[in-house]
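Asks: Sequence:
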Amino acid sequence: MRTLASVLASSLLLAGTARADMITVTIENLLPAGGLSFTPVWLGFHDGGFTNFAAGAPASDYDGIEAIAELGAGAAQMARFAASQPLGVQTMVADLNGAPVFSPGESRSVDITLDAVKNAFFSFASMLVPTNDLFLGDPGAIQLFDGGSFVGPITIDIHGSMVWDAGTESNSVLDGGAFVMGVDATRGTVEGGVIHLFLGDPGAPDYLSSLLGLTTADGGTISSTFGDETLIGRITIVPAPGAAMLAILSLARSRRR
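Heads up, the sequence shown stops at 272 in the working numbering, and the numbers go up one at a time, no gaps.
To be clear, the hints were calculated from the coordinates, so they are not data collected in a lab. Please note that the accuracy of each hint is not assured.
Claimed, not checked - With a straight-line Cα cutoff of 20 angstroms, these simulated EDC-like cross-link-like pairs (lysine to aspartate or glutamate) come out:
1) Lys133 - Asp62
2) Lys133 - Asp161
3) Lys133 - Asp36
Put together the whole structure using the sequences plus the hints.
Replies: Structure, rendered in structure tokens:
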């Protein structure tokens with residue numbers, strides 16, 4: 016009779032070829048105290064055919080990105096994804112400590128069950144606050160599985176150079192900026208621009224300086240912002256412990272037959 020230890024060893028040897036349908040996603044805000052936060056993160060798992068957004072295009076071409084970038088609202092993005100990817104899996108991941116935003120130093124891990132073939136790719140989006148329309152995301156599809164096998168562990172480090180400006184609202188944080196005490200985030204001046212990397216704007220340094228000293232909606236004070244190399248956040252994706260246990264039990268049952 017094989018022992019559990021020998022079954023475990025066998026399952027580890029097979030890990031490269033077995034389908035890993037359950038993953039753990041960890042989201043972290045790595046900015047120091049007094050830094051910016053980001054809103055609940057939309058995660059979409061799909062077949063590679065979903066376009067999150069494209070640099071140089073109006074955000075209005077990708078229904079949902081504008082709402083995330085201006086308000087951190089995910090409903091329109093989720094509706095677009097559901098229509099495009101009927102077999103896709105998606106969720107909004109919020110921090111559970113106080114306000115749902117990920118404040119500096121906060122993190123959360125969630126387990127997600129996927130089909131390793133139909134959900135082999137991954138996209139994400141989140142608003143950076145307090146701002147008018149800055150957001151985090153990847154325009155391309157990030158591969159998680161290849162031929163049913165997990166290609167990770169996957170680590171996505173999000174630096175300041177990767178912050179996007181949706182181009183939908185003029186960058187004046189007291190005019191429609193989100194997550195600012197006393198400011199109506201639904202207002203703001205329409206910009207009519209296109210999606211682009213924020214730090215390429217000539218006005219980016221002045222805009223970031225204007226955030227210093229602001230009181231956020233949860234009562235915090237902004238005392239630092241970010242530069243090109245600043246590590247803002249991290250998304251880590253690994254096989255969930257539960258998935259490994261299911262593989263062990265399945266292998267053990269097959270050995271008994």
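Asks: Taken at face value, is the distance from the CA of aspartate 161 to the CA of lysine 133 at most 20 angstroms?
Replies: holds, 11 angstroms
Asks: Next pair to validate is lysine 133 with aspartate 62; report whether the Cα-Cα distance is within 20 angstroms.
Replies: holds, 5 angstroms
Asks: Is the straight-line distance between the alpha-carbon of lysine 133 and that of aspartate 36 20 angstroms or less?
Replies: Answer holds: lysine 133 to aspartate 36 is near 10 angstroms, not above 20 angstroms.
Violated hints are absent here; each numbered hint is respected by the structure.
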